[in-house]
Amino acid sequence: MSESIHETKEPSYLEVKSHKGIWNWLLTTDHKRIGLMYLYAMITFFGVGVILGLMMKLELIAPGKTIMSAQTYNSFFTLHGIIMIFLIVVPGLPAVFGNFFLPILIGAKDVAFPKLNLLSWYVYMLGAVVALSSQFLSGGAPDTGWTFYAPYSFKTSTNMLPAVLGAFILGFSSILTGLNFIVTMHRLRAKGMTWMKMPLFPWALYGTAWIQLLATPIVGITLLMVVAERTLQIGFFDPALGGDPILYQHLFWIYSHPAVYIMILPAMGVVSEILPTFAQKTIFGYKAIVISTIAIAFVGYFVWGHHMFTSGMSGVALYIFSLLTFLVAIPSAIKVFNWIATLYRGSIRLETPFYWAASFIFVFMIGGLSGLVLGSLATDVYVHDTHFVVAHFHYIVFGGVGFAFIGAMHYWFPKMYGRMYDASWANIGWLFFFIGFNFLYMPMFYLGILGMPRRYFDYVDKFHNGNIVSTIGSWVMVFGLVVIVANLIKSARSGPLADDNPWNGKTLEWATSSPPPLENFEIEPVVTEGPYEYK
Amino acid sequence: MTNTSAHSEHYDAQIPKMGMWLFIFTEMLLFGGLFIVYSIYRYIYGDAFHLAAQELNLTIGTINSMILLFSSTTVAIAISSIQRGNKKLSAIFIIITMVLGIAFLVNKYFEWQVKIGHGLYPGSTVLAGFGHGDTLFFGLYFAMTGLHALHMIIGLVIWGYALVFIQTGKTTQDRPAFIENSGLYWHLIDVIWIFLFSLFYLIT
Amino acid sequence: MEHKKTHILSLKAQISILIALIVLTFMAIGVTKIEMGAYSLAVILVIAAIQAYIIMAYHMHLKFESPFFRVMVILLFILFLAVLFVTFLDYIYR
Chain A
4 MSESIHETKE PSYLEVKSHK GIWNWLLTTD HKRIGLMYLY AMITFFGVGV ILGLMMKLEL
64 IAPGKTIMSA QTYNSFFTLH GIIMIFLIVV PGLPAVFGNF FLPILIGAKD VAFPKLNLLS
124 WYVYMLGAVV ALSSQFLSGG APDTGWTFYA PYSFKTSTNM LPAVLGAFIL GFSSILTGLN
184 FIVTMHRLRA KGMTWMKMPL FPWALYGTAW IQLLATPIVG ITLLMVVAER TLQIGFFDPA
244 LGGDPILYQH LFWIYSHPAV YIMILPAMGV VSEILPTFAQ KTIFGYKAIV ISTIAIAFVG
304 YFVWGHHMFT SGMSGVALYI FSLLTFLVAI PSAIKVFNWI ATLYRGSIRL ETPFYWAASF
364 IFVFMIGGLS GLVLGSLATD VYVHDTHFVV AHFHYIVFGG VGFAFIGAMH YWFPKMYGRM
424 YDASWANIGW LFFFIGFNFL YMPMFYLGIL GMPRRYFDYV DKFHNGNIVS TIGSWVMVFG
484 LVVIVANLIK SARSGPLADD NPWNGKTLEW ATSSPPPLEN FEIEPVVTEG PYEYK
Chain B
760 MTNTSAHSEH YDAQIPKMGM WLFIFTEMLL FGGLFIVYSI YRYIYGDAFH LAAQELNLTI
820 GTINSMILLF SSTTVAIAIS SIQRGNKKLS AIFIIITMVL GIAFLVNKYF EWQVKIGHGL
880 YPGSTVLAGF GHGDTLFFGL YFAMTGLHAL HMIIGLVIWG YALVFIQTGK TTQDRPAFIE
940 NSGLYWHLID VIWIFLFSLF YLIT
Chain C
80 MEHKKTHILS LKAQISILIA LIVLTFMAIG VTKIEMGAYS LAVILVIAAI QAYIIMAYHM
140 HLKFESPFFR VMVILLFILF LAVLFVTFLD YIYR
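Those protein sequences? They're chains A, B and C, same order as listed.
In terms of the numbering used here, the first sequence opens at residue 4 and continues consecutively.
In terms of the numbering used here, the second sequence opens at residue 760 and continues consecutively.
In terms of the numbering used here, the third sequence opens at residue 80 and continues consecutively.
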C-alpha cells in the first residue's frame, strides 16, 4: 500500500477529462462515471418517492380525509410504487454499485460493452421520463397501483399508456445491463480469478443478471399486451371478450416475483462483502452462499403464484406454489446462518457500514419470516391485501435493498470519491433511520392482523393508534435519511482524503487507488487466492 | 480459459457472440410470453381455435415458410462467404436475403388485408359475433404475426447496415461479428416463424 | 480454446439442410391431412422442434460452439416448458 502512495499516481477517473464540461458525464463510457450517473438519477427519483410516501403516511395519521382525496391517494401509491420498484430497487444496486464495482472486483478495465452500458443509462432515463410523464398529461395520473392489474388497467381513463410503456422501456434497460454483466463476468475476469475465487457481490450480480435477462422479457410482452388491449381491444385479459384476467396476473408475476430476487440478491451480495471486512475474517461457507444464490435465482422463478392465492387459482396450483415458496426460504436462511457464522469470533470493527449490514440481517429476518406467513395458504387468505403485506414487502424491499444500498454507499464511498465521510454523523443518521424504519413498518403488521386493508386512504377508528405510531416513525426515518444524505454530499465535496484501503479489505477494489484510475488498475492484477483470505 | 482483461489490445470474438446469444434468449422469452397465452387459450377454446384456423390461407402460409427457409440458407451462404473473405458474394447474398424478406412482408400484408376485409380483426363486430374463441384466435394471430413482422423489419434494417459495413470495411473476414450476429437474429426469426406456422396454420 | 478457426459449412451441406427443412415442412402439412385427433398437434410440434433444432445446430452454429451456449439454450427451453407447466397447473385443475 505504501508503495503506491509514493509512486507518481495515474490521474483518477474523476480527473480524466476527455470532453468539455457536462459532456464528460453524458458521453462517458467509463463504467464508474456511468455508475455515478445512475446514482444521481436514482437519488433524485428516490427523493420524489420518499416525499410521496411521507404524504401518504400523513394522510393516514387520522381517519377520514386529512390532506388529500381518495383519487389523489390512489395516484400517489401508484406513482410511489412505480418509482420505487421500477426506477429504484430493481435497477438500484446492479446499476449503481454493479456498474462501479463489478469490473473492479473481477480485475477488469471496464464492462464488456461500454457503449451499450451508456445506452442502458439513456434508455433508463427515457423510461423514467415516459413513466413520469403519466403524471402530467391530461387524463389524470394512473390509479391502478404499480401492478397494472387487468381488467382495470385497460378500463381506467387515466394515463395508463405512458406508465406501462415507461415500465417496458425500463425493463429493456435492465435487460441490457444484465446482458453486459454476464458477458463481462464470463470473458473479462482477471488472470487467476476462477469462478470460485470471484467475490460474492459479483456472484450475486451474476444470478441477478440471469433473472433480469430471463424474466424481464415476459413482463415486457405482458405490458405490450396491455397496450394492445387498450388501443386495439384484442381481449387477451378482458372477460367480456373471453380473456382471462388471472392470466395477466400469472404473466405479471412470472416476472415480478423474480424481480424481488433481482432486488434482494445484490443486497445479499453487498452484505457478504461488508461482513468479512468488518469481522476481518473469511466468509463462512463461501460455496454455500454461491450455491444458495443460484438456487434462489432458479427456485425464485417458480413461486410467482403466491401473489395470487386469493385470485381464484385452482387448488392444485395453490398447493404447489405454497410448497415452492417454502423451498425458496431455505437458501435465504442458509445465507443468514452464514453471515452470523462469519461474525462469530471475528474481530469486529463497529464502523458505519457494519451497522448497516448488521441491521440488514435484522430487518431481512423479520421480512423473511413474515413472508412465510404469507406463503402458507391459510394465513395468507386472512392477511392478504392488508397492511401486513405492506409491512412485509417494505421490510424485504426497503429494509433489504435500502439498508444494503446505504450500507454499500458508506462502505465504498471512500473508494468512489477518494474522500472519507464524518463517521459520527453517519452513525447518528443510521440510528434515526433504523429506529424510524421499525416504528414506521412494525405497526403495519399489527394493523394488518387487525384487518386494515392496504391502498385505502381512510380507516375505522380502531386502527388509529397504530397509524399514529407509523406516521411518527416515518418522520424519524426521513430525518435520519436527511442526515445521511447531507453528510455524504458534504463529505464528497470536502471530506478528508481517504486511504486506498481504509477498512483493510481484501477484495480487488481495495488494491487500487482511491479513487481508481480510468482503467481501474495501474498494473493488471493477478489473482492467486480466494477473495476473503484474512490472516 | 482465462482471458486477460485486455480487450482493447486483443479482439475476443466470443464477446459479441455471447452478447448476441443472450439477447436472443430475451427475444425467445418475449415470444415465449405470447406462446404461453396462446397455449392457455387454445386449451380453453380448443374447438373454436380449430374452426377459426380454417379461415387462414394455408397456401400463403406455406409460401411464406418456404421464403423464410430459403432466406435462412442465403444468410448462411452470406456468412460463410465473408468468413472465406469473399465480400462481394456476401453482399450479393445479403441483398437476396433482403429481397426474400421483403417478399415475405408483402405476402403478409396481402394476407392481413384479406382478413381485415372479411372483418376478422380485433375490435370488429363481425369477429365479436363469432364468439370468444375466434376473437382470441385472431387477436393472437395479429399480435404474434405482427410482432414477428416487426422483427423482420428490424432484421431488414440490420441487413442494410451490414451492407454498409461491408462496403466501409468495418466488417471483414477477421471481424465478421456484425454479419454473424445479424445472421443469428435472422435465423431466430425463422425459428419463431416455424412455430407460428405450426400453431396457426396447421391446426387440423 | 476460443481461438480455433470458425467452422464453415460447405455449400453442399447448406443445400442439404435447406432440403431437409423443406421436406419437414411438407411432412407437417401432410400430417394435418391425416385424422389423428389430439396426436396431430404433438406430431406437428415434434416436427417443428426438429426444424428448430436443425436451424439452431447448423445455421446458428450451436453444434460448433463451446458447450456453454448449448447448455444455456437447453436450460432456456426447460425453463420455458417448466413455466408453461406450472401455469397449466392452474388451468387444468380449475
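For the record, the hints were derived by calculation from the structure and aren't laboratory data.
Beta carbons are placed, not taken as given, at the ideal position from N, Cα and C, and that holds for glycine.
One or more hints might be untrue.
The calculated lysine-lysine pairs, modelled on BS3-like cross-linking and capped at a C-alpha distance of 27 Å, are [claimed, not checked]:
#1 112/C x 847/B
#2 493/A x 20/A
#3 12/A x 465/A
#4 284/A x 509/A
#5 465/A x 200/A
#6 91/C x 847/B
#7 60/A x 200/A
#8 847/B x 929/B
#9 112/C x 846/B
#10 194/A x 68/A
#11 23/A x 493/A
#12 493/A x 200/A
#13 290/A x 509/A
#14 847/B x 118/A
#15 867/B x 112/C
#16 874/B x 112/C
#17 68/A x 509/A
#18 142/C x 91/C
The following label-pair restraints were derived from C-beta to C-beta distances [as the list claims (entries may be wrong)]:
#19 57/A x 164/C: 51 to 57 Å
#20 153/C x 877/B: 37 to 43 Å
#21 95/C x 809/B: 31 to 37 Å
#22 802/B x 385/A: 39 to 45 Å
#23 167/C x 380/A: 39 to 45 Å
- Task: Quickly compare the C-alpha distance for residue 91/C and residue 847/B to 27 Å and report which way the hint goes.
- Result: Distance ~20 Å between residue 91/C and residue 847/B Cα, so the pair holds.
- Query: Under the criterion that the straight-line Cα-Cα distance not exceed 27 Å, is the pair residue 284/A, residue 509/A satisfied?
  - Reply: holds, 10 Å
- Can the restraint linking residue 465/A and residue 200/A be considered satisfied, given a maximum Cα separation of 27 Å? violated, 56 Å
- Message: Checking one constraint from the list: CA of residue 493/A to CA of residue 20/A, max 27 Å. Satisfied?
- Response: Holds, because 23 Å separates the two Cα atoms, which is no more than 27 Å.
- Message: The hint says 39 to 45 Å between residue 167/C and residue 380/A; measuring C-beta to C-beta, is that right?
- Response: violated, 20 Å
- For the pair supplied as a hint, residue 847/B and residue 118/A, is the alpha-carbon distance within the 27 Å limit? Distance ~30 Å between residue 847/B and residue 118/A Cα, so the pair is violated.
- Proposed proximity, residue 847/B with residue 112/C (alpha carbon, max 27 Å): With a Cα-Cα distance of about 44 Å, the restraint between residue 112/C and residue 847/B is violated, given a limit of 27 Å.
- 27 Å limit on alpha-carbon distance, applied to hinted pair residue 68/A and residue 509/A: Outside the cut-off at roughly 55 Å; violated.
- Regarding the pair residue 847/B and residue 929/B, is the alpha-carbon distance no greater than 27 Å? Answer holds: residue 847/B to residue 929/B is near 14 Å, not above 27 Å.
- Task: Would you check the hint for residue 142/C and residue 91/C, treating anything up to 27 Å between C-alpha atoms as holding?
- Result: Roughly 18 Å between the alpha carbons, so the hint for residue 142/C and residue 91/C holds.
- Distance restraint evaluation - residue 57/A, residue 164/C, Cβ atoms, bounds 51 to 57 Å: For residue 57/A and residue 164/C the Cβ distance comes to about 44 Å; the hint is violated.
- Message: Need the status of pair residue 112/C, residue 846/B: alpha-carbon distance at most 27 Å?
- Response: Violated, because 45 Å separates the two Cα atoms, which is more than 27 Å.
In this structure, the hints that do not hold are numbers 1, 3, 5, 7, 9, 10, 12, 14, 17, 19, 22, 23, in rising order.
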